[in-house]
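A.B. asks: In order, the protein sequences belong to chains L and E. Take the first sequence: its position 119, counted from the start at 1, is 120 in the numbering used here, and no numbers get skipped. Take the second sequence: its position 117, counted from the start at 1, is 300 in the numbering used here, and no numbers get skipped.
Treat the hints as calculated values from the structure; they're not laboratory data. Small disclaimer: the values here were computed from a predicted structure and weren't measured. Be aware that one or more of the hints could be misleading.
What the hints assert, rightly or not - Below, a list of computed lysine to aspartate or glutamate pairs in the DMTMM-like style, where the Cα atoms sit at most 25 Å apart: (1) L:26 - E:387; (2) L:26 - E:238; (3) L:26 - E:364; (4) E:250 - E:233; (5) L:144 - E:215; (6) E:192 - L:182; (7) L:26 - E:215; (8) E:192 - L:134.
To be verified - Here are some chain L residues pointing at chain E (derived, C-beta under 7 Å): (9) 40; (10) 46; (11) 111; (12) 130; (13) 197; (14) 220; (15) 223; (16) 226.
Beta carbons: idealized from backbone N, C-alpha and C, even for Gly.
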Amino acid sequence: MTVETGAFFMRDRRRHPPALSPSYKTSVARSPRLPLLSLGSTMSEITGPVFGHGDLGPLDNDLIRNFASTGDPVGERIIVHGRVVDERGRGVPHTLLEVWQANAGGRYRHRNDRHLAPIDPNFGGCGRCLTDETGAYAFRTVKPGAYPWRNGANDWRPAHIHISVFGTGFAQRLITQMYFEGDPLIARCPIVQTLPDPAAIEALVAPLDMNAAVPFDSLAYRFDIVLRGRRSTFFENRPEGN
Amino acid sequence: MPQPLDYLKETPSQTAGPYVHIGLAPGAAGFEIFHNQLGADIAGPDAAGERISIEGRVLDGTGTAVKDVLIETWQANAAGIHAHPADPRHGEVEPGFRGWGRVVSDFETGRFVIETVKPGAVAGPGGRPMAPHISLWIVARGINLGLQTRICFADEPEANAACPVLGLIEQAHRRETLLAEPAGPGAYRFDVHLQGERETVFFDI
Ligand SMILES: [Fe+3]
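This is chain L alone, in the form it adopts within the complex:
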């Protein structure tokens, strides 16, 4: 296996939400105001934790089964699948993906969620998987419901799945949210709208993928994830800074 040791491409911060996004009120007091200190990739950034199949259980990527006790969870059964690649388009193999979401009614299994929609006794709402050698991943779940949240007087989150990805270096660490094609709440959501670039928003909307749907069983959505690229090591490995 080739080990990637090149420095990471500079992050294009216009692609991400600014720390201070006043329409998302919680960001106001939680956003740094001073400039970030630019640091080249040192050994501490080009490395990161390595995970293996021993870290996972056999049902971890099946949210329909991994918490069920008396039957299947309520909701529209879906498969979410895609590839994790880097900015050079190369698959990121054997990297850890973790997902969490509300149940079909829009309620999280979390001690701090007070939404009036009911907890589903058969749904935990989290899962995890490793990408294969090509960077491909898949998990099965039920489509999450929209839910209200305290921001504006009547703000609702569109249906979404939270996704965390590692990559091969700590500098690639990313958490994002996947939205569903056609949801009218996407355009109204203050968290989605923290993204200044409409093309960046589109990159978070998963299309319906009927070719991956299982007839009489599950619909499917496709969601590809791009992590930061890193320099090739054609000439020399110089992890200590470009």
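Since the structure of chain L is provided, determine the placement of chain E with the ligand on it from the hints.
C.D. replies: Quick look at chain E with the ligand alone, frame taken from chain L:
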């Protein structure tokens, strides 16, 4: 028109939100589901070096503790080696040492505790040793893109003075925002200030 560059663009970040614990630390959310909770043991049972615990809080711009924060830590072992194949000496890392951890703040007090071993120095820019440090990645509701910073140790004055990364911080007094203060044998205190007079130095790495 020149040929187009065919690079893809990084997937945009979105906040981890208030329920990040469900996905990354379900025990803290209030239920058991997986056979193991990843990141619960940073150094493993057989790691060499000094056992330390770092206690602190993440404070917002009003001075209020952030009570729903999740922090990931990443570090070398006591000999300065990372458990990763890009580190040429990774074969020497103690079995069970991953060097990566997850801690969540207490929902009532905002207090977090990192229990690990003190890392050794790691070569930095130009081969100059960086002061012993633990890299942090901080996510929470209201944080749109994970924040990167480092913990260094106030009781390593020579290593800190020679550290090429601490030396990049133009305002000398701001270097102190990255120093964990000794608070008893093996104990340190480290607060993160998201904004305000003592705003922590965050990195673009
Ligand atoms: Fe959510």
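A.B. asks: All hints are to be evaluated individually against the structure, with a verdict given for each.
C.D. replies: Outcome of the hint check:
no., hint, verdict
1, L:26 - E:387, "24 Å, holds"
2, L:26 - E:238, "28 Å, violated"
3, L:26 - E:364, "33 Å, violated"
4, E:250 - E:233, "29 Å, violated"
5, L:144 - E:215, "22 Å, holds"
6, E:192 - L:182, "20 Å, holds"
7, L:26 - E:215, "32 Å, violated"
8, E:192 - L:134, "21 Å, holds"
9, 40, "5 Å, holds"
10, 46, "5 Å, holds"
11, 111, "5 Å, holds"
12, 130, "12 Å, violated"
13, 197, "10 Å, violated"
14, 220, "22 Å, violated"
15, 223, "14 Å, violated"
16, 226, "5 Å, holds"
In terms of the numbered hints stated before, the structure departs from hints 2, 3, 4, 7, 12, 13, 14 and 15, listed from lowest to highest.
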